[in-house]
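Engineer: Heads up: the protein sequence lines correspond to chains G and P, in order. Using the numbering used here, the first residue of the first sequence is number 183, and each one after it goes up by one. Using the numbering used here, the first residue of the second sequence is number 139, and each one after it goes up by one.
A portion of the hints provided could be inaccurate.
Which bits of chain G does chain P cover? Going by a derived footprint, with three or more residues having C-beta under 8 Å, they are [claimed, not checked]:
1) 183 to 190
2) 261 to 273
3) 286 to 299
4) 452 to 459
5) 464 to 470
Calculated directly from the structure, the hints in this document are not laboratory data. From a predicted model like this one, the values you see are computed outputs, not experimental measurements. Where is the CB? At the ideal position from N, CA and C, for every residue including glycine.
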Amino acid sequence: MSFLLNEEQRQFSNSAQEFLSAKSPLSLQRQLREGQTPLKFESSLWEEVIDLGWTAAVFPESEGGLAVGYKGLGAVFEAMGRHVAALPLLSSIVMAGEIILQAGNSAQKQAWLPGLISGHHRLSLAIDEQGRHDPSKLKTTASKTADGWRLNGQKYFVIDGLGATCFVVVAKIQSTESTTEIGLFLVDNAWTGVKVQATHLADSRNYAQLNLDNVCVVNDMCLGTGEGATKALNQALDKARACLAAEGLGLLKEAFERTNMYLKERIQFDVPIGSFQALQHRMARLYTELQMLESCVLAALNAIDSAPTDLPLLASLAKARTSDLCEKLMNEAIQLHGGIGVTDEFDLGLIVKRARVLQQLLGDGVYHRNRYAQLKGF
Amino acid sequence: MHDIEEFRLETRHWLEANCPAAMRLPITQEEIVWGGSQVQFKNEDQRVWFEKMRDKGWFAPDWPKEYGGGGLSPKQARIVENEMLKLGCRQPQFNLGVWMLGPVLLEIGTEAQKQEHLPPMMQGKIRWCQGFSEPNAGSDLASLKTNARIEANGDFVVNGSKIWTSYGDAADWMYALVRTDNTVRKQEGISFLLINMKSPGVTVKPIELISGKSSFCEVFFDEVRVPAHQLVGPLNGGWTVAKKLLQHERAAMSKFSEGAAPSHDALLVAKPYLYDEDGSLIEPVWRDKLASLLMDSHAFSLTHQRVKEEGLARMDVSGPASIMKLVQTEQEVAKYELLMQLMGQRGMSWEGDEFTKEEHDICRLWLLSKTYVISGGSSEIQLNIIAKRVLGLPG
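Bound conformation, chain P alone:
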């Protein structure tokens, strides 16, 4: 107990001494540092914080030191996480590798895979993307068709395409699900491969959305050779590996949500539109609608805090945690709908100087927010999960 308290103090002191003040302010999307070969720092504070945490091994405090981690016990790692939270320290880098793939490699990767992939993640040198969804495999992911043929020497040759790959154009590597057996039940013929995005035959094409430019990409594979040792888990055991990986999604999403999607303070944006020039409410119904929206958001943020607090107290939070994705994304959609409606025709602004930047942004985000309730398990899939896993409803 004494040691733990001492460690907490040491951690606090180290963070206070090494985390620049600017890195303790809430993060915005433009300020995210994405680790990887194309890592970019917008200012010195970002670079300092990145390097200090990297050198400390605290991109992943509880990974073994031999792979570049911090070598801390789970208890100590929780303390680091808590102290960072208390001081408001930003994530020094955003990295799907560290948050999603890394824990899976640590659990079931071969020694060679750990040696090859973990240290670069811990150096922030390699950026990963996720290759799961396909044009004909969205909510029904297991029906995916991107095919990996096995050569005589055991290497794989991949043909097909992935879609909705976030930042596929900036990623160095992809972890992907591919079909390795067509003759069995669909979940049993899938393998989990690590693919170098610089391999010959890989083409990446950004997707333009109804809102304009986006981070989503299509990735095409044309006779892409992947060495046999880049198979994670058993051949045709990829579905289980993916399920393991998705267990880390919640933790990763909560780190993402700290700064991922650009968002607006609904009250701040809405207030000027609520009143006529003489200061009277344009129509009282907007006031009720806005209050309702703010209260939903207040209730969500309290739930977020509760899940965090109860989780740290080792209580079972699987119930409330299961609603978070659904609620957060639906609230973002509702917010932009309301702001658009309130702004009237100004809310439809697409281009031109007669509109404010905010008016332009809100119109684009109204459209972009439609992706939130589709990607990462659509709202309908979330409802299925709640009904079956939490409520135990049959079928």
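So that you can see chain G by itself, here it is in the shape it has in the complex:
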């Protein structure tokens, strides 16, 4: 186990923090929320991020990547959390990109990965079909046809799905036997039977509903079926969960530090309210949780790079704790700020709303405690 970043990863982390603090202030998130950009992220910022190598970071050198690893990219996600930055890095690179890398054949990798890294393609993973994340409850079906597959179903909460050139769709293979076999399919947004609609969540980011009505997919666009597909999907989801946990850690640290500062500045009864023990102990408990979370997030990221068999357990640990703390700490942050904490003018609300959506993405505390118990054999 190593919790420490190497020199390259540290540089990556430093440059991410510098870049986002210069280019992605909270005022930008406000503009995106109120503005007319349907994508809900700034395309020019995404292009700059591509130039910085963020989209190449985790891919192997043989695929044109930088092989910095997830401890490096995790630091980028933490910085994105700190600055509440909206970028399609998770959806296109970690979720869709990892699936193509793990499940795709060499022709598919060649066709898609260079474009993903360069930004020519932007992909989204279409998995969820209900309010609570649960990949085991798929209704979308793929049935075999003479020259490929036919997909039917509805996908909801597709992250960054609006404007994505192509989707990786997870579907249940239709068969006479009752199996849980899944398939992974690349679906272009321009194909017949594909309909994409915007979904608006509290964090004002890009989500879509994807309707698949008898969509024909040629065999070349099928990334895999059966065990291989399940394995690639689960790996990609766990990597994404670790990255979401890193982003959550950044959001939580930011909210915590802002609250701590406020307690030192806000005067009531002629003293800073941070001098009251009742409030001090609440802050000390939150700090304790934050420190524990940081260890879990680093351990999960490290597992991706150097101990993949530990990843499922550590990803669930990190995501469960992130989710639970997103609820607890953000609620405390509002309460400790008092009235100003519930005004829209005050930036805390932007952090709170992003954190509460992140809490649910790819499984909340209840989901991941259940999964942790399963992995532990009870």
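Since chain G is already given, all that's left is putting chain P on it; use the hints.
Structural biologist: Coordinates of chain P only, in the frame set by chain G:
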């Protein structure tokens, strides 16, 4: 750099050759070797490992050779510590003297004090206990009242009592805080004394807890004469000495935690109680509660590793290190609470053969664990420390 690598190899080889295989297994409380005049070995491996490390001077590898230490540089001592960790070598002896008092004597003790006290620690011949808490001085330690009167020849005469002294009944010596001036601010009238537990007038009484027998004792002082040269640091400067000493507490606690409190693997204990005879979950809520507990414990052990790793890399770990006592003890409490609840009425077993040993143990440890969050700075004191020192909150 080359020399350091060579030293690492030598150390590795020496440990591999001299640490018996059984002494590389995780230690339990019953297997702790407490150095001191009443030292006891349960088996030959314990004795061999104790003697090899003693003769090497590695009870304290970086203390000067003249006091019986290993004479290593701090860097070399860290290597010894690391290599022991890698091989899983146990601490050859547990000794508050070496871990807490020794470093303070080395820093501020007189030459005579070093000559008198350090070599016996390094021989594992003397066992020390800590005399800080008093019946009316718990969290507010500085309000302590055990009094030391100064005689014409400079000797001290101690009257009063200490409480919660761990293993007071097995200790040879005590380092204690005593009141030497009643007329000044409470922190400024305290002195730090070394007291021979065999002195006339010292009485030790074990304390029975709600859980039964315990290692805690009360120690009473009735006109106990302590020679002037057993004062450490300046007269009325004891508070500063104690603060120095407590700086070593974290390192000592981490050595203690390797085997100190008896504990249970929550999953192993809980599993049979989770299911009905037909193999179905008794009630799903227990599964969620148990998972939650295991995840807390997993997060703590990762944090423990992180602090260790970042500390070795010379990073500032004062933040995460400040949470360790609070979290570890609260998790132990939570664990026994959950196991008790899950066991239902069986969890309340006190005596009798119709219960397993484990059921008895868990009931007692549920009660004993209440002491963990009170002793050594209660959870509330830990929260104060985090709020003030780490978060910089005022007041």
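Engineer: At least three residues with a C-beta closer than 8 Å to a C-beta of chain P: is that true for the stretch 286 to 299 of chain G?
Structural biologist: violated (count 0)
Engineer: When I compare C-beta atoms, does the stretch 464 to 470 of chain G have three or more residues closer than 8 Å to chain P?
Structural biologist: holds (count 5)
Engineer: Checking C-beta pairs, does the stretch 261 to 273 of chain G have three or more residues closer than 8 Å to chain P?
Structural biologist: violated (count 0)
Engineer: Count residues of the stretch 183 to 190 of chain G with a Cβ under 8 Å from any Cβ of chain P, then say if the count reaches three.
Structural biologist: holds (count 4)
Engineer: Under a C-beta cut-off of less than 8 Å, do 3 or more residues of the stretch 452 to 459 of chain G approach chain P closely enough to confirm the stated coverage?
Structural biologist: holds (count 6)
Comparing the model with each earlier hint shows violations of hints 2 and 3; every other hint is respected.
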